[in-house]
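Peer 1: Following the UniProt record's numbering, the numbering of the sequence shown begins with 1 at its first residue and continues without gaps.
Worth flagging that the hints you see were computed from the coordinates, not collected in a lab. Built from N, CA and C at the ideal position, the CB exists for glycine as well. Possibly wrong hints are sitting among the right ones.
No more than 20 angstroms apart at the CA atoms, straight line, and that leaves these computed lysine to any residue pairs for SDA-like [said to hold, decoys possible]:
id : residue 1 : residue 2
1  : Lys66     : Glu130
2  : Lys278    : Ser40
3  : Lys6      : Gly303
4  : Lys278    : Gly170
5  : Lys278    : Trp347
6  : Lys278    : Gly348
7  : Lys63     : Ala110
8  : Lys66     : Ser40
9  : Lys278    : Val336
10 : Lys6      : Arg219
11 : Lys278    : Ala206
12 : Lys50     : Val336
13 : Lys6      : Arg128
14 : Lys6      : Glu298
15 : Lys50     : Gln37
16 : Lys278    : Tyr349
17 : Lys63     : Ser40
18 : Lys278    : Gly303
19 : Lys278    : Thr369
20 : Lys66     : Ala110
21 : Lys50     : Arg65
22 : Lys50     : Leu62
23 : Lys50     : Lys63
24 : Lys50     : Ile360
25 : Lys6      : Lys63
26 : Lys66     : Thr7
27 : Lys66     : Asn51
28 : Lys50     : Asp60
29 : Lys63     : Ile334
Derived DEER-like restraints, expressed as beta-carbon distance ranges [to be verified]:
id : residue 1 : residue 2 : range
30 : Gly107    : Val64     : 40 to 50 angstroms
31 : Gly129    : Asp361    : 36 to 46 angstroms
32 : Gly107    : Asn51     : 36 to 46 angstroms
33 : Gln370    : Ala110    : 29 to 39 angstroms
34 : Ser71     : Gly129    : 30 to 40 angstroms
35 : Gln73     : Asp100    : 20 to 30 angstroms
36 : Gln73     : Arg174    : 39 to 49 angstroms
37 : Arg173    : Glu221    : 15 to 25 angstroms
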Amino acid sequence: MNQHSKTTGFFWHERCFWHDPGAIGIFSAPGEFLQPQPASESPESKRRLKNLLEVSGLIDELKVRKGAPASRQALERFHSSSYLDALEAGTQRGMGDAGDCAPYTAGSLAAAHQSAGLALEAVDAVARGELSNAYALCRPPGHHAESSRGRGFCLLGNIPIAVMHARALGLVRRVAILDWDVHHGNGQQAAFYDDCDVLTVSIHQAGNYPLDTGGFDERGEGAGRGANLNLPLPPGCGIGAYRYAMAELILPAIEAFSPELIVVACGYDACGKDPLGKMLLNSRAFAEMTSEVKALAERCCEGRLVMIHEGGYSEGYVPLCGHAVISVLAESEIQVPDPQNDEIAAWGYQALQPHQRDLIDEWVRVWDTQEKTTDERGES
Numbered sequence: 001m002n003q004h005s006k007t008t009g010f011f012w013h014e015r016c017f018w019h020d021p022g023a024i025g026i027f028s029a030p031g032e033f034l035q036p037q038p039a040s041e042s043p044e045s046k047r048r049l050k051n052l053l054e055v056s057g058l059i060d061e062l063k064v065r066k067g068a069p070a071s072r073q074a075l076e077r078f079h080s081s082s083y084l085d086a087l088e089a090g091t092q093r094g095m096g097d098a099g100d101c102a103p104y105t106a107g108s109l110a111a112a113h114q115s116a117g118l119a120l121e122a123v124d125a126v127a128r129g130e131l132s133n134a135y136a137l138c139r140p141p142g143h144h145a146e147s148s149r150g151r152g153f154c155l156l157g158n159i160p161i162a163v164m165h166a167r168a169l170g171l172v173r174r175v176a177i178l179d180w181d182v183h184h185g186n187g188q189q190a191a192f193y194d195d196c197d198v199l200t201v202s203i204h205q206a207g208n209y210p211l212d213t214g215g216f217d218e219r220g221e222g223a224g225r226g227a228n229l230n231l232p233l234p235p236g237c238g239i240g241a242y243r244y245a246m247a248e249l250i251l252p253a254i255e256a257f258s259p260e261l262i263v264v265a266c267g268y269d270a271c272g273k274d275p276l277g278k279m280l281l282n283s284r285a286f287a288e289m290t291s292e293v294k295a296l297a298e299r300c301c302e303g304r305l306v307m308i309h310e311g312g313y314s315e316g317y318v319p320l321c322g323h324a325v326i327s328v329l330a331e332s333e334i335q336v337p338d339p340q341n342d343e344i345a346a347w348g349y350q351a352l353q354p355h356q357r358d359l360i361d362e363w364v365r366v367w368d369t370q371e372k373t374t375d376e377r378g379e380s
């Protein structure tokens with residue numbers, strides 16, 4: 001690696017904050033008895049995170065880059081031309097919905113191109129060895145977007161676009177994607193469901209969003225059978241359940257896969273302060289998980305790790321979680337006090353509960369059996 005490789009990149013652009021999804025009614029279009037309200041996905045949590053990095057001084061330890069908007073060619077590696085055409089037509093009209101609760105207005109497509117570009121350039125820079133790791137402050141988010149429709153506030157699939165770009169250029173072949181947003185990472189799953197060279201892992205709240213994906217039995221198909229791992233945890237899980245799932249299944253599965261790059265869909269809506277999730281994590285928990293994944297990346301892929309910002313709807317708490325994560329990435333001594341850490345840690349059921357252990361143990365048993373069967377088939 002060159003002299004610039006021991007740095008953490010931070011990719012952001014003001015244009016991403018200008019995306020305006022418009023007024024909605026929770027997750028539905030406003031109607032007779034559903035009063036319009038601002039969308040939960042707003043720029044404030046992201047802007048406050050960037051501001052906190054500046055106020056703390058941590059941003060001075062990062063390699064800050066703006067990134068160029070993703071090109072149409074890059075988008076078409078994942079998205080259909082008809083979907084992209086429909087998005088362009090909708091923005092010219094001034095508003096629309098990209099599919100399933102993915103509203104947008106006139107400036108949204110430009111912001112989405114910029115958001116995808118941040119992810120693409122972060123992955124590119126780390127894959128080339130220009131940076132040791134990176135954090136991309138993407139907005140709109142991307143992990144719900146599918147090839148032919150947007151979903152859950154996501155217009156473009158930031159991570160699939162970035163990973164497909166890097167693979168098309170021959171920068172990497174085997175990639176592991178870990179999604180710890182509280183909602184299932186259906187977009188990554190759909191993008192690589194039949195691809196044996198991309199391992200997609202999602203640890204999320206069971207039965208949240210989307211309702212039609214995210215089960216443990218969804219393990220890939222065709223050549224990709226066994227390269228998709230979902231861990232739908234029951235509501236109310238604290239760091240104990242996440243720590244156990246990481247140690248017993250997620251980290252071993254990724255390490256056994258031997259990726260050349262690890263990408264994390266880094267949502268913060270599993271925090272105890274989030275209005276759209278029912279989990280109990282605090283900023284200390286996100287820092288711990290980041291430290292574990294960073295150590296794994298150093299063991300198996302020379303530290304190549306990219307964090308892509310996804311969900312998280314607590315305007316006050318997301319910045320503290322994000323700062324903790326980026327501080328770990330940069331191995332910085334700069335910390336900011338989190339007055340909510342001890343409060344959330346003191347809530348009940350932070351420790352691993354018996355029903356949580358039983359569920360994870362069963363997943364481990366089934367996954368290990370699947371891996372053994374796959375190995376035996378490969379030897380025969």
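Peer 1: Against each hint, give a clear statement of whether it holds in the structure.
Peer 2: How the hints compare with the structure:
1. Lys66 - Glu130: Roughly 15 angstroms between the alpha carbons, so the hint for Lys66 and Glu130 holds.
2. Lys278 - Ser40: Holds - the C-alpha atoms of Ser40 and Lys278 are around 15 angstroms apart, at most 20 angstroms.
3. Lys6 - Gly303: holds (10 angstroms)
4. Lys278 - Gly170: At roughly 40 angstroms apart (the allowed maximum being 20 angstroms), Gly170 and Lys278 break the hint.
5. Lys278 - Trp347: holds (13 angstroms)
6. Lys278 - Gly348: Holds: Lys278 and Gly348 sit about 13 angstroms apart, inside 20 angstroms.
7. Lys63 - Ala110: Judged against 20 angstroms, a Cα distance of about 24 angstroms means the pair is violated.
8. Lys66 - Ser40: Cα-Cα ~25 angstroms, so violated.
9. Lys278 - Val336: violated (25 angstroms)
10. Lys6 - Arg219: violated (36 angstroms)
11. Lys278 - Ala206: Holds, at roughly 10 angstroms.
12. Lys50 - Val336: holds (14 angstroms)
13. Lys6 - Arg128: holds (13 angstroms)
14. Lys6 - Glu298: holds (12 angstroms)
15. Lys50 - Gln37: Not OK: Lys50 and Gln37 at ~25 angstroms, beyond 20 angstroms, violated.
16. Lys278 - Tyr349: holds (12 angstroms)
17. Lys63 - Ser40: violated (30 angstroms)
18. Lys278 - Gly303: Measuring from Cα to Cα gives roughly 32 angstroms; hence the hint is violated.
19. Lys278 - Thr369: violated (31 angstroms)
20. Lys66 - Ala110: holds (14 angstroms)
21. Lys50 - Arg65: Holds. Lys50 to Arg65 sits at ~13 angstroms (cutoff 20 angstroms).
22. Lys50 - Leu62: Roughly 12 angstroms separates the two Cα atoms, so the pair holds.
23. Lys50 - Lys63: Holds, at roughly 13 angstroms.
24. Lys50 - Ile360: Not OK: Lys50 and Ile360 at ~36 angstroms, beyond 20 angstroms, violated.
25. Lys6 - Lys63: Roughly 10 angstroms separates the two Cα atoms, so the pair holds.
26. Lys66 - Thr7: Given that 20 angstroms is the threshold and the Cα spacing comes to 16 angstroms, the pair holds.
27. Lys66 - Asn51: holds (15 angstroms)
28. Lys50 - Asp60: holds (12 angstroms)
29. Lys63 - Ile334: holds (16 angstroms)
30. Gly107 - Val64: 40 to 50 angstroms: The hinted range 40 to 50 angstroms is violated for Gly107 and Val64, with Cβ atoms some 23 angstroms apart.
31. Gly129 - Asp361: 36 to 46 angstroms: The hinted range 36 to 46 angstroms holds for Gly129 and Asp361, with Cβ atoms some 39 angstroms apart.
32. Gly107 - Asn51: 36 to 46 angstroms: With Cβ atoms ~21 angstroms apart, the hint is violated.
33. Gln370 - Ala110: 29 to 39 angstroms: violated (43 angstroms)
34. Ser71 - Gly129: 30 to 40 angstroms: violated (23 angstroms)
35. Gln73 - Asp100: 20 to 30 angstroms: Given a distance of about 26 angstroms, which is inside 20 to 30 angstroms, the answer is holds.
36. Gln73 - Arg174: 39 to 49 angstroms: violated (23 angstroms)
37. Arg173 - Glu221: 15 to 25 angstroms: Holds, since Arg173 and Glu221 (Cβ atoms, about 20 angstroms apart) stay within the stated range.
Of the numbered hints given earlier, the model fails hints 4, 7, 8, 9, 10, 15, 17, 18, 19, 24, 30, 32, 33, 34 and 36; all others are met.
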